[in-house]
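**Student:** From first to last, the protein sequence lines are chains A and B. Going by the working numbering, the first sequence opens with residue 13, and the numbers climb by one from there. Going by the working numbering, the second sequence opens with residue 69, and the numbers climb by one from there.
There's no promise every hint is true.
Said to hold, decoys possible - Reference listing, derived: stretches of chain A covered by chain B, where coverage requires no fewer than 3 residues with Cβ under 8 Å from a Cβ of chain B: (1) 90–101; (2) 113–121; (3) 226–237; (4) 290–301.
None of these hints come from the bench; they were simulated from the model. Backbone N, C-alpha and C define an ideal beta-carbon position, used for all residues, glycine too.
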Amino acid sequence: MLESIIVFTLVSGGIYALLALGFSLIFGVARVLNLAHTAFFMLAAYGMFYLVSEEMGIGLGNIPSIIITVVVVTLLGLVSYKLFIDRIREHHAAVLLLTIALALVIQEVLLWRFQGDVRGIPSLIPGFTEILGIRVLNQYLLTLGMVAVVIIIVWLFLSKTKMGIAIRATANDPEIANLMGISVSRILLITMGLATALAAVAGVVVAPLWPLRPIMWGSPLMMIMVIVVLGGLGSIKGSIIGAFIIGFVATVVSLDPFRVLGGGGPYLNVTFVLLAMVIVLVVRPAGLFGTIFEEERL
Amino acid sequence: MLRRLLKDFRWDVLPVPGRLIAVIFFVFVFSFPLITQHPYYVRMLTYTSIFTIFAVSWDLLSGYTGQINFGHALFFGVAAYTSALLYKYLGWQPWATMPIGVLAAVAAGVITCFPALKLRGPYLSLITLAFPLMLLGIVMAFKNVTGAEYGIPFLPSIAGSRVGEYYICLIVMTVSVLIMWKLTDAGSRYVRTGLIFHAIREDEIAARATGINTIRYKLLAFVIGGLFAGIAGALFAHVRGMVSPGTTLTMTMSFQAVIWVIFGGIVSIYGAVVGVYTLYPLVYLSDRVKDLFASLYEAVPKTSALVPLRAILQFIQEVAEYPILVLAVIVIVILLFMPEGVGVWVRNKIERQCPRCKLTNGAWRRECRACGASLH
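Start from the sequences and build out the full structure, keeping to the hints where you can.
**Tutor:** Following this line, the structure appears as structure tokens:
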């Protein structure tokens, strides 16, 4: 039981970390709460399914499928940002509604194309490895490796490169950044691309692990909203640490090692996770690592 | 009395297109069973009036006070489940269970307030989004009490016939909308709530500085919103005859209210009514629309010149199977091109306010009908 809790916490925490990182990035920089974020993630998972699967799709190899999926989903994210979100970025309620509508469009189009049945693809690397006497599926190791590599790349990009510094400057104060010669609208577009690419990578690694259904965007959306609230909206360190905390809570509640929930665990994990968010918001509205922006303080 | 009414109609309703449309609308919905008593259409309009209460209560809470609540389904679901559970375990009849269900929804509104009053902006939306989903998890987990996804079936009806139910829902809807309209009327001489709600939305700090206890009024908004959403929920449970989590507590349910209101026009009670009465029948009738286009498709002769027409008909037929897709696309288009909402947009086209005496006139007039001032 303990070893499966550890493995599942690491894997789900890693996937949530990728998703929450993008969500938090686009909120921190553009102040856009992109509720369609996990819809892009779902789109990438289905794209992977379409490209890899023999009977429903075109049966490409793994590596080209991954590359095509990530590129296409990122482009779609950029187009939808430019066409829709950018125009109404200033109005919080409108952005929330528009991104939900976008997510619903993606959901219904997938439902149209692939019907509501549960889909899945085989593991990218079959078999398992034994680590310290525990059998771990190779797919889990691959997922963890990819998550770690991507997070390190993003971290280096944001802290070392000139572009990353420009992104962080824009997040801090767009007007001053603009005065320093940074093109804010271009930075926002790049950030949206980066965030969607992260969601697409998460979708690619999830395709062999989770059952694919056109409604699969709802529950991870809940999870990443909780994570970014826990870590502090806009804080990157916070969202990575928060992802593993929430991954742990969700895993423990679902697996229910002490049998206290009477079989209701899989349903109650959302309840417990959201309860954690409500408590954090009430006790410390800025989250663990976040700062409250001046205009949002009551 | 009658003569007075006629005079009012002649001078205050006929010259203002918006009011005339409202009168025609109410005459139409009240005489609808005279046109057809087909259960399919009567049922459709019954649900429409229930959801109108739900959408208007969201407009009052979120549109007027600016507390964007993304978990309005909580109040709806709490009322529906409370009255269903009271019937299932205590055997109470609808006239007893429904008021208690509504009270439970009000209590839910008060409880939501405690965390919600501390937050604003996106944080408030996120926390309110969480509440119905938490309740959904609890409902799904306690299978033997709530029946999980199968819900609680066989609830008693509130009236003997479909038409009776229709009239009860319609009258409750009319009264609730009138009350909410009066409560949010910023120009009212009798209640101050409308003005204060506007003030809180525009600038809460300024409102507080002028001596308004904003916390108390936000609490009041949550209570009123919860009350009317609860009425809608309790009615829905007994009209439908069952409650299930899929139709009461999901995120879709919460967002549907937002979609209806934004479509019709936020911060205007009539906009919410327009939104529900346009979009709900549209989604409800999508099956019929599909059948209609299928028969049209069959009727078009199979000549090569008509291939594009046949392709278009087939495409519409396929799209009609996904009403949510149509709804979402409509929302995106409305947000981008008509951000004030369809109801408000149309009203601005057909009505114009006199700059001198603030009386509404038809847009075709050159001079105000009361004071003669030029309207251009």
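**Student:** Residue count check for the region 113–121 of chain A against chain B: does it reach three with CB-CB under 8 Å?
**Tutor:** As far as the region 113–121 of chain A goes, the hint holds, because 7 residues have Cβ atoms under 8 Å from chain B.
**Student:** Examine the region 290–301 of chain A for residues whose CB is less than 8 Å from any CB of chain B, and state whether their number is three or more.
**Tutor:** holds (count 4)
**Student:** With a C-beta cutoff of 8 Å, work out whether three or more residues of the region 226–237 of chain A approach chain B closely enough for the coverage to hold.
**Tutor:** This one holds; 3 residues, not fewer than the three required, reach chain B with a Cβ under 8 Å.
**Student:** Test coverage of the region 90–101 of chain A by chain B using CB-CB distances below 8 Å; three residues minimum.
**Tutor:** holds (count 3)
Of the numbered hints stated above, none is contradicted by the structure.
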